[in-house]
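Sequences listed follow chains R and A, in order.
Letter by letter, the first sequence follows residues 1 to 287 of my numbering.
Letter by letter, the second sequence follows residues 1 to 327 of my numbering.
Just so you know, these hints were derived from the structure itself, not from any lab.
Covered stretches of chain A (in silico footprint by chain R; criterion: 3 or more residues with CB under 8 Å from a CB of chain R, positions within the stretch not fixed): (1) 51 to 61; (2) 98 to 105; (3) 108 to 115.
Positions of the beta carbon are idealized from the N, C-alpha and C atoms, including for glycine.
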Amino acid sequence: MAVYRRGYQRYEGGLTSHLERLMVMPRFSWARMVEQKFVLILLVVSMFWPLLCATFVYLANHSELWQGFDTGFKKFLAINGKFFSVFMKVQSGYALILASVAGPGLIAPDLSNNALPLYFSRPLTRGDYILSRMIVLLGLLSLVTIVPGMLLFGMQAGIAGGDWFWNNWYLGAAIFFGFALYIVTVSLVAMTCSAYVKWRVVAGALVLAFFFLLAGASEMVNSVFRVEWASVFNVGYAMNTVWAGMLDLAIPDEKPGVLECAVFIGALGAGLLALLARKLRAVEVVK
Amino acid sequence: MSPVIEVDSLRVNLGRREILKGISCRLGESGAGKAIGLLGPNGAGKSTLIQTLLGFHKPSAGRARILGFDCHAQAREVKARIGYMPENDSFIGNMTAVAFLRLMAEISGLPRAAALEKAHEVLFHVGLGESRYRQIGTYSLGMKQMAKLAQAIVHGPELVILDEPTNGLDPAARQRMLQLIKEMKEQHGMNVLLCSHLLTDVELVCDEVVILKEGSIVHQADLEAERKSNRRFVQLDVAGDDRGLAAALQEIGAEGVSEAPGEWRIVLPASVEIGSLWRLAARERLQVRKLTHRKDTLEEIFLKAVGHIRQTPGGAPAAEVPAHGRL
Numbered sequence: 001m002a003v004y005r006r007g008y009q010r011y012e013g014g015l016t017s018h019l020e021r022l023m024v025m026p027r028f029s030w031a032r033m034v035e036q037k038f039v040l041i042l043l044v045v046s047m048f049w050p051l052l053c054a055t056f057v058y059l060a061n062h063s064e065l066w067q068g069f070d071t072g073f074k075k076f077l078a079i080n081g082k083f084f085s086v087f088m089k090v091q092s093g094y095a096l097i098l099a100s101v102a103g104p105g106l107i108a109p110d111l112s113n114n115a116l117p118l119y120f121s122r123p124l125t126r127g128d129y130i131l132s133r134m135i136v137l138l139g140l141l142s143l144v145t146i147v148p149g150m151l152l153f154g155m156q157a158g159i160a161g162g163d164w165f166w167n168n169w170y171l172g173a174a175i176f177f178g179f180a181l182y183i184v185t186v187s188l189v190a191m192t193c194s195a196y197v198k199w200r201v202v203a204g205a206l207v208l209a210f211f212f213l214l215a216g217a218s219e220m221v222n223s224v225f226r227v228e229w230a231s232v233f234n235v236g237y238a239m240n241t242v243w244a245g246m247l248d249l250a251i252p253d254e255k256p257g258v259l260e261c262a263v264f265i266g267a268l269g270a271g272l273l274a275l276l277a278r279k280l281r282a283v284e285v286v287k
Numbered sequence: 001m002s003p004v005i006e007v008d009s010l011r012v013n014l015g016r017r018e019i020l021k022g023i024s025c026r027l028g029e030s031g032a033g034k035a036i037g038l039l040g041p042n043g044a045g046k047s048t049l050i051q052t053l054l055g056f057h058k059p060s061a062g063r064a065r066i067l068g069f070d071c072h073a074q075a076r077e078v079k080a081r082i083g084y085m086p087e088n089d090s091f092i093g094n095m096t097a098v099a100f101l102r103l104m105a106e107i108s109g110l111p112r113a114a115a116l117e118k119a120h121e122v123l124f125h126v127g128l129g130e131s132r133y134r135q136i137g138t139y140s141l142g143m144k145q146m147a148k149l150a151q152a153i154v155h156g157p158e159l160v161i162l163d164e165p166t167n168g169l170d171p172a173a174r175q176r177m178l179q180l181i182k183e184m185k186e187q188h189g190m191n192v193l194l195c196s197h198l199l200t201d202v203e204l205v206c207d208e209v210v211i212l213k214e215g216s217i218v219h220q221a222d223l224e225a226e227r228k229s230n231r232r233f234v235q236l237d238v239a240g241d242d243r244g245l246a247a248a249l250q251e252i253g254a255e256g257v258s259e260a261p262g263e264w265r266i267v268l269p270a271s272v273e274i275g276s277l278w279r280l281a282a283r284e285r286l287q288v289r290k291l292t293h294r295k296d297t298l299e300e301i302f303l304k305a306v307g308h309i310r311q312t313p314g315g316a317p318a319a320e321v322p323a324h325g326r327l
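Chain R extracted, bound-state conformation (with noise of 0.2 Å):
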């Protein structure tokens, strides 16, 4: 019978499990998404520079070519940390940009719209929310990082063969957990910008400033005082750090290392995760 003439029944059938209720909200962000037309541009232009380090790689594996050339081209040739080092560092801008463009469009609707009270009032709790939000701009940000950067090194371990694979796994673990680490801390930016600043585009625009401003103030400070310690407070630099902790690569021993970096990395996280939940409630409670 058409749904018009039917009536309105209760429903009654079974539930589905709270593991495909919490993938709901990402589902139907996914699908808004997409339908951004900047944030498609953006994904799309994000893929060039994974194109040529494969194109790169590809051709690094065929030494034939390259037989006439001197060994410090060769040398340049090497797919290494290093190499992965650049790659990492050049999609991380493309993430960055691609979250303050995506990230405002999460939370600041509901909270403008007064929709949290809908979904609390259901079986939701504020960490399901803000997991369910996190998801979508972690699958959105791995697009553009983790997978490219696995299959670059698939690639190359596919072409270079078994002991390449051997002596260098630990590459692909870093890209792994490197860009991990990194979309994390980029996705809690952006949605504790958007859960703090109601307009999409001011807030786009935070999550780029938030991390040029710390960038320019340890900077600052740097110079201020002649030392090399606020250096931590940069994410990118804190970042970068981590990596080339996690590729084996050197880091200057006057510049903080990798464990304060990390340190600095996961007292951001946690302070992001703290603002976020404060602001995430069903009702303002006027104290």
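With chain R fixed as given, assemble chain A onto it according to the hints.
Frame of chain R, contents of chain A only:
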């Protein structure tokens, strides 16, 4: 039968202020499809009580249970069984009504196909069938209210909490909303907790009523029993010496209280006709200035409970009304 809502010595603090001051009550009957009215002046704690039942606030003492589940400790079980229509605008503006309801239904646990089906079904039910593919942000106030009701019942909850559902509705839309609420309890067996400042809405729809004042329950009444008693409330204003009127009213089986000199509130049993009041006034040599038939018993109850009148005829004086909900 177990109660739908059970509140036991519930205290809720927001910051340093104590909003709910140890209230206790048992409301509704599980599976009976009853409507409970929640009344009270502004700042009485109605919204805080609703929000505590929804698990938004943690009680500082006591407990609240819905359908046997603790609202705080078993929030997920509670929320799976309730629907909530907030007072203020609450929706996702740039979503169509169908998509919005489908999202809400899926979050409540309905499988995808069932959620889509129910979204369409409930939108036709509330009268938004023709505009279900419009973005909710473009809806009129009345349509938004209906969309809010639709999202509250799309998953077929056992208890629906409605916070001021008739706010901003024109008379026709208000009637439609009240009719839908009646149908929810009578035809679909849902329990309804209706918070409204419109006494007529509560009286038309509800079977029980709880009146809050300054964070305490000052009255709880069974409106169904009141209706069955078939009593009529009358306001009589007279000029002259009315000292013997109370006794005279008792002679004909009616009861009355004088609120001010010459102003009487009278309750007439079904057997006593209004004409007998005219004869009584003539006998007592009183000049009748005003004789109003009052249908809304709830207003009487409410005004007494919040202290605007001292006593309801045929009832206990306000001071004797048990406070803190132990009724």
